[in-house]
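Colleague: First to last, the protein sequences are chains A and B. Here full-length UniProt numbering is used: the first residue of the first sequence is 1, the next is one more, and so on. Here full-length UniProt numbering is used: the first residue of the second sequence is 1, the next is one more, and so on.
One thing to keep in mind: the hints can contain errors.
Pairs count within a copy or across copies, as identical chains cannot be separated in the list.
Claimed, not checked - Taking lysine-lysine and the DSS-like style, the derived pairs with C-alpha atoms no more than 30 Å apart in a straight line are:
hint, residue 1, residue 2
1, Lys-520, Lys-388
2, Lys-472, Lys-184
3, Lys-390, Lys-472
4, Lys-231, Lys-121
5, Lys-61, Lys-437
6, Lys-206, Lys-406
Worth flagging that the hints you see were computed from the coordinates, not collected in a lab. Given the structure is predicted, the values throughout are model-derived calculations rather than measurements.
Number of protein chains: 2
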Amino acid sequence: MPGRGIFFEIQVFLQTLAMIHAIEMINNSTLLSGITLGYEIYDTCAEVTKAMGAAVRFLSKFNASKDEVEFKCNYSDYTPRVKAVIGASYSEVTMSVSRLLNLQLIPQVSQASSSEILSDKIRFPSFLRTVPSDLYQTRAMARLIHMSGWNWIGIIATDDDYGRFALESFGIQAMANNVCIAYKEMLPAFLSDSTINAKVNQAFEKIIEETRVNVIVVFMRQFHVMRLFQKAIERNINKVWIASDNWSAAVKVSMIPYIKRLGTVVGFAFKSGNISTFHDFLKTLHAKPMENNKFLNEYMLLLSACAHVKDQELNNCISNCTQESLMYKAGENNQTLKDDFLIANIEPGFIHSTMLAVQTIAYAIREQCQDRNCKNPFAFAPWELLEKLKKVKITDSEKEVHFDAKGDMNTGYDVLLWKEINGQIEITNMAEYDLQKDDFIFPDEEKKTDFFNLKKFWSKCSQECRPGQMKKVTASPHTCCYECVYCPENHYSNQTDMDHCYLCNNKTHWSPVNSTRCHKKTVQYLNWNDWFAVLLLILSGLGVVLIVMISTIFTRYLDTPVVKASEADIFRSKWVAY
Amino acid sequence: MPGRGIFFEIQVFLQTLAMIHAIEMINNSTLLSGITLGYEIYDTCAEVTKAMGAAVRFLSKFNASKDEVEFKCNYSDYTPRVKAVIGASYSEVTMSVSRLLNLQLIPQVSQASSSEILSDKIRFPSFLRTVPSDLYQTRAMARLIHMSGWNWIGIIATDDDYGRFALESFGIQAMANNVCIAYKEMLPAFLSDSTINAKVNQAFEKIIEETRVNVIVVFMRQFHVMRLFQKAIERNINKVWIASDNWSAAVKVSMIPYIKRLGTVVGFAFKSGNISTFHDFLKTLHAKPMENNKFLNEYMLLLSACAHVKDQELNNCISNCTQESLMYKAGENNQTLKDDFLIANIEPGFIHSTMLAVQTIAYAIREQCQDRNCKNPFAFAPWELLEKLKKVKITDSEKEVHFDAKGDMNTGYDVLLWKEINGQIEITNMAEYDLQKDDFIFPDEEKKTDFFNLKKFWSKCSQECRPGQMKKVTASPHTCCYECVYCPENHYSNQTDMDHCYLCNNKTHWSPVNSTRCHKKTVQYLNWNDWFAVLLLILSGLGVVLIVMISTIFTRYLDTPVVKASEADIFRSKWVAY
Chain A
1 MPGRGIFFEI
11 QVFLQTLAMI
21 HAIEMINNST
31 LLSGITLGYE
41 IYDTCAEVTK
51 AMGAAVRFLS
61 KFNASKDEVE
71 FKCNYSDYTP
81 RVKAVIGASY
91 SEVTMSVSRL
101 LNLQLIPQVS
111 QASSSEILSD
121 KIRFPSFLRT
131 VPSDLYQTRA
141 MARLIHMSGW
151 NWIGIIATDD
161 DYGRFALESF
171 GIQAMANNVC
181 IAYKEMLPAF
191 LSDSTINAKV
201 NQAFEKIIEE
211 TRVNVIVVFM
221 RQFHVMRLFQ
231 KAIERNINKV
241 WIASDNWSAA
251 VKVSMIPYIK
261 RLGTVVGFAF
271 KSGNISTFHD
281 FLKTLHAKPM
291 ENNKFLNEYM
301 LLLSACAHVK
311 DQELNNCISN
321 CTQESLMYKA
331 GENNQTLKDD
341 FLIANIEPGF
351 IHSTMLAVQT
361 IAYAIREQCQ
371 DRNCKNPFAF
381 APWELLEKLK
391 KVKITDSEKE
401 VHFDAKGDMN
411 TGYDVLLWKE
421 INGQIEITNM
431 AEYDLQKDDF
441 IFPDEEKKTD
451 FFNLKKFWSK
461 CSQECRPGQM
471 KKVTASPHTC
481 CYECVYCPEN
491 HYSNQTDMDH
501 CYLCNNKTHW
511 SPVNSTRCHK
521 KTVQYLNWND
531 WFAVLLLILS
541 GLGVVLIVMI
551 STIFTRYLDT
561 PVVKASEADI
571 FRSKWVAY
Chain B
1 MPGRGIFFEI
11 QVFLQTLAMI
21 HAIEMINNST
31 LLSGITLGYE
41 IYDTCAEVTK
51 AMGAAVRFLS
61 KFNASKDEVE
71 FKCNYSDYTP
81 RVKAVIGASY
91 SEVTMSVSRL
101 LNLQLIPQVS
111 QASSSEILSD
121 KIRFPSFLRT
131 VPSDLYQTRA
141 MARLIHMSGW
151 NWIGIIATDD
161 DYGRFALESF
171 GIQAMANNVC
181 IAYKEMLPAF
191 LSDSTINAKV
201 NQAFEKIIEE
211 TRVNVIVVFM
221 RQFHVMRLFQ
231 KAIERNINKV
241 WIASDNWSAA
251 VKVSMIPYIK
261 RLGTVVGFAF
271 KSGNISTFHD
281 FLKTLHAKPM
291 ENNKFLNEYM
301 LLLSACAHVK
311 DQELNNCISN
321 CTQESLMYKA
331 GENNQTLKDD
341 FLIANIEPGF
351 IHSTMLAVQT
361 IAYAIREQCQ
371 DRNCKNPFAF
381 APWELLEKLK
391 KVKITDSEKE
401 VHFDAKGDMN
411 TGYDVLLWKE
421 INGQIEITNM
431 AEYDLQKDDF
441 IFPDEEKKTD
451 FFNLKKFWSK
461 CSQECRPGQM
471 KKVTASPHTC
481 CYECVYCPEN
491 HYSNQTDMDH
501 CYLCNNKTHW
511 SPVNSTRCHK
521 KTVQYLNWND
531 WFAVLLLILS
541 GLGVVLIVMI
551 STIFTRYLDT
561 PVVKASEADI
571 FRSKWVAY
């Protein structure tokens, strides 16, 4: 399935090799005694129409002279060319193919399509997958964001079924975690879309304009991420990038020159398992027959064409190699397959899920063939295999795995951190996300520190309101954006980010503006030692003494003619007035 | 395409009749001199898988002994069974079928699928439609809601591609119009979904709980609306319902007993045109040969089975008739086709768009056949017809119509009001929505009054804040929800719903709590006529008179021995004190 139409995708090439490896392992084992699994691999080029063409071929009649699909009202006694289909990677392609395979209920197991809607068994009755639904991934992302104290983030997604469903699901999870989405940018899924450059520029303008957003969630196809990041480096953008499963482990992206200037990348990848047998397979790849493997032939051609470049630039050269240069170089042949280069490009989650897909089908066939002779191609119909497949249980890394009621395999996620080690970006495992417990599990203390160090990045719309303040509405339509104002008199707030200030009990308490608590009202007495009190006492004492003096003199001389003559009554009333 | 699997849909039956009528009109005219259009009609039962089966048949080889689709890498010299496809109705079905028809670029013209994504010509290169994209419908709805002064509304949608895209699009338009969405309820698309009852009940709980929401936008399939409304009437729910195109003109829904208790229904329907010829066609339907028309036969069987019910209940009876009762009644035959019943059930927008679809194809064929002999079925390939179809221009109701660059026909919408006339609900035309001008056009003043009467319904999260108040954040995550608080002292607000109060100029102005303006600070003088001033004057005058009197008496008798004897100095100092 490498995207041959446009460029050669090493990662998808590796997935096809993993598929071949897993099938060979089954065929070399005694699991299906006497039965050999055959296979055909088609390149969808990430295009629905190409994939539909291949799907029509899958539906065509077994062993007929021509590849023809017969139109029937009832397909129960019709034997198609294939018994089961593995793929596709992109959810949008997977959905369309699944709609067609439904006609004959041919089991389809995807190793990478994670859109939530594919869990809907009314719409996709014959679909299963060896990865979890995006529902869990978006939940895990929202949790990581919340735990790191961010609430103002951006999203960039590819405008296809995968991106749209992921966006919807993430929106719900973000809301549940009080995380606001500052902007959502959708980039066209196809490079042939004429608006793609304008949309990419628009996304950049948003990113530059919204300086408070320092965390961006990216649900994109790898080749989109490549384009975006190359431009982002040119524009000196430095952020925290949250990577979704389909590019979180992309070695090609991590090898972009100056990628470390971009900031920090934290990613979610499907949980990987033991894939050491695949490493061995790659090391012995040159010894395998390769006449029938067109993808391998193409890879060899590309290696010849890129023989002149250094190892670090090989990835880039292979991606950018045009069909013409291939034709030109077709004559030369280079016998080394650079297995170290292939091993370095492995994204373990996808290899693991691809091998699981093959294994589940093999085990289901074994179940199916216990009571019949499966050497006869008509021994069972695809829909019978589907029923067995739904119930199959296999052992992976000492754990039993199986499809749940919705046909998903809830293996969990690895949380990846792109870390600079010796000047090179390496994709390291930081934690594991447990779906059932909705929690992160750390292998050691160092990783845990890495995880909690993410808190040092700031991505909030508003500064926290301190105690003594409260939030105030602004013109922004987001609840994460607000201003802080002081609590008015007789009000207080005692926590950060409070919606409103509490009122003090008016009778007994009071508080000034910007208070974190109320104060008790007290009756104030003048102190005996206060100079003002002393002055008051002296003055009023002097007044009393004067009056007493005068009244004593008058009273004593009351009977003398002088006092009598001086209109005593008038003066008496005068004293009272005094 | 009536939903035979579950029940008979009169409306979809009428669409098939409209298609037949339009084709017959073309064949009876001289438009395609010498060429006769043939057709096959399939019932998708609203199921993707059924539709895919039919689509496989469309792709099969022309005139082959068996209906077989050949798998080819290049279909350019392959002649399929059909030259063009009309349909489907449901967007989800249309999309899947379109993905398959893309293989051979067979032109597909839908008469009802309005999802925005179908405008994407990279994904759906061979798709066209005779209706506008939902982008315009959601914009028109948001505008109506905004104009009616509502900002707190609910949405109920079917959980399929149609509902999801509509929801997304409406969300964007609502935000642009400052309308908040209180709840979004998605109901499963299939009655076979086991969660459907729980989801319907959950929706009702939301509706009942959120008493401030009085306007609900409904993007649902007709049979969902039927179920929802029957229950809503039982629960005494009374709201304003905004109907999307696919049920806004559903006579069946408007005939639900006690439907008027539900409240008001305002709907958007595809703009209709002159369909009088179709009325005539229905009236002469009984005279047509009907051996090949399975749908017509089924309708006649249903009429026989429901012969005992009253005309008002016919719709209900036909919908609920099971396959068993049909078998039982098959012997009887009733020769009347109840064309009045059929005419009453017409949803003109759909009939019009169906006839347009046939006409555009016919005109494209005429273009195509100007320079070649089209009696030979191999004269042109479907992809050639597609190119002509994109450029075709036809005249409809004296206006030229054509597909735009995205393959949509921007005919506009009729705004419908379900009105009680003589005790019966009738679906009336209230206005027309012009896509280009983003505006409503009213045929007369009465309709305009009806439209602006919608304002009397209240659907807001919060009461308006009066001048003198300002908005305050609440715990709600919606910006339409807030509390109002008084402006504090020395602040004011002079408009409704202000985000914050303005500060008065502290030096020159002041205001009390809850002010709509600032007051100028003034120096206050006591008025000469004020009683308090008069009292003060009298008292102080009296004091002056007394002192003058006493001092006069003392001064006059200063030389008398009495005064001298009475320690004059003391008393003099007393006066001064006084």
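Colleague: Checked against the structure, which of the hints given earlier come out wrong?
Modeller: 1, 3 and 5
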